[in-house]
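Q: When the letters of the sequence shown are read in order and numbered with this note's numbering, they come out as residues 218 to 732.
Derived from the structure by calculation, the hints contain no laboratory data. Be aware that a few hints might be false.
Using 20 Å as the maximum straight-line C-alpha spacing, the simulated DMTMM-like pairs for lysine to aspartate or glutamate come out as follows [stated by the list, open to error]:
#1 K463 / E447
#2 K317 / D389
#3 K362 / E255
#4 K390 / D400
#5 K399 / E350
#6 K390 / E350
#7 K327 / D338
#8 K721 / E696
#9 K219 / E235
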Amino acid sequence: MKKLPIGIQTFAKLRDPEENYVYVDKTEILLQLVESGEYFFLSRPRRFGKSVMLSTLYELFSGNRDLFNGLYIEDKWDWERKFPVIRISFGGGEFRTEEKFDAVIYHNLKHNQQWLAISCDDPLDDPGYCFAELIRNAASRYKEKVVILIDEYDKPILDHITDRELARFNRDKLKGFYSIMKDLDEYIRFVMITGVSKFAKMNLFSGLNNLDDITIDERFATICGYTHQEVELSFAERLQGVDMDKLRQWYNGYNYFGDPLYNPFDILLFLSKNREYRPYWWSTGNPSFLIDLLNEQRRYLPELENCVVDDIILDSFDVDHIDIVALLWQTGYLTFAEKIDKFDSVVYKLKVPNKEIQMSLNALFIDYFTDQRSEKLELRSNLYDALQAGDLETFHNTLHALFAGIPYQNYANKIIEKYEGYYASVIYAYLASLGLPLVAEDVSSKGRVDMSIILPQAVYVIEFKVDNAPGSALEQIKEKGYHRKYMADDRTVYIIGIGFDSNKKNITEFEWEKV
218 MKKLPIGIQT
228 FAKLRDPEEN
238 YVYVDKTEIL
248 LQLVESGEYF
258 FLSRPRRFGK
268 SVMLSTLYEL
278 FSGNRDLFNG
288 LYIEDKWDWE
298 RKFPVIRISF
308 GGGEFRTEEK
318 FDAVIYHNLK
328 HNQQWLAISC
338 DDPLDDPGYC
348 FAELIRNAAS
358 RYKEKVVILI
368 DEYDKPILDH
378 ITDRELARFN
388 RDKLKGFYSI
398 MKDLDEYIRF
408 VMITGVSKFA
418 KMNLFSGLNN
428 LDDITIDERF
438 ATICGYTHQE
448 VELSFAERLQ
458 GVDMDKLRQW
468 YNGYNYFGDP
478 LYNPFDILLF
488 LSKNREYRPY
498 WWSTGNPSFL
508 IDLLNEQRRY
518 LPELENCVVD
528 DIILDSFDVD
538 HIDIVALLWQ
548 TGYLTFAEKI
558 DKFDSVVYKL
568 KVPNKEIQMS
578 LNALFIDYFT
588 DQRSEKLELR
598 SNLYDALQAG
608 DLETFHNTLH
618 ALFAGIPYQN
628 YANKIIEKYE
638 GYYASVIYAY
648 LASLGLPLVA
658 EDVSSKGRVD
668 MSIILPQAVY
678 VIEFKVDNAP
688 GSALEQIKEK
698 GYHRKYMADD
708 RTVYIIGIGF
718 DSNKKNITEF
728 EWEKV
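All chains should be modelled from the sequences, with the hints used to inform the complete structure.
A: Structural data, given as structure tokens:
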């Protein structure tokens, strides 16, 4: 049985017969990429296979045919031509000071000089000039145009995204470094730039007008990540007895308008850890800074599940304009649900990709919104049991205990506790962290209800009100008929109206009916 390539980012090691690692062949789509242009940009979440992709391109342009034996591209590539390849990675090192940033650039340029047997001026004196000289000298020495591969291009910015001044400084420094390429087109054969975020091109890649952003290009949707078919074919021996529908619900769902994808890290850890369902990818990073932005921008947590955005929002992300929805999408906590043609333009509906993200993200929100780390398990258990049993009295009492247990200082530190979204977000986070099937802002022909919980045996339709907002929450459900679309099947339908008092910071109205 072949070994699982956990943490292996080097194509040569993946393809070494003595190592005997599983490799999912992506060379067909890489060939299509190389034949379709010269300058490319790709954004994908962390641990999605970007570094392996760049390593594959490196070996391909270097002409190392033996590594591609048996792969799609083996008999379709001109192995006689070997191109000089410059590899830049910002994946390692710190960027808190200019000196540390310069050190990372210095080591990148020095490594490439040594690898290509080229000498340039001292990178510390003028990194940009050294980069330009490296490109020109490589083309001259090897009599071929240069290939440039840049990995984690945005890490110096993202590492300090909440420190706007430092992030802005690092952005401007990167802009100066990347801009070197714009006047060297005659020496360049191919460029691939990858990272997590999609910073506005004009702010970071000024002058590279021919940079083709393939992040949501359907042709290259599966260039990174595993499709369900790839998982079934490549890991067949290890998947015997696995509930594939459950695997799909937990880890599949990343959508770039091709086949839905798995994050490779989840699949590899799942198979190596006795096939236990755990939030493996989530555990490798803590997006706590997203919570601060959510609070700052007064975004209602459940609305993120069904938000609609356009290209302007997705492409305008920058240090001085951080849109929480764009950031959640870019970092992998939201993905595309569908593409909608509207008013001669395209908009995108977003969703949480899978159960891992739904449960983990909302568990994080619980900690932030409530500070109830020790009580959380009991409250979640009581809510789950009450809904499964149709016990609305216990459901009410548990919600009341939940809000009563939130420390006062938690409210004092947050600007959103006066509006409906705060209370709904707390309830939504608790229920979503259980993996319950929720529909936030559920649409009916008469409007939107705040939340629906859809279980195999029952449906709960919930409306929220804050500070005696006009009309009863329960009456609004009945008047608008939010629940009627669920009446056609055999499930029991409950309608629930919940009212909050922002001064008392708890539920003051809880009405329900079984319909």
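Q: Of the numbered hints stated earlier in the document, which are not met by this structure?
A: Failing hint: just 8.
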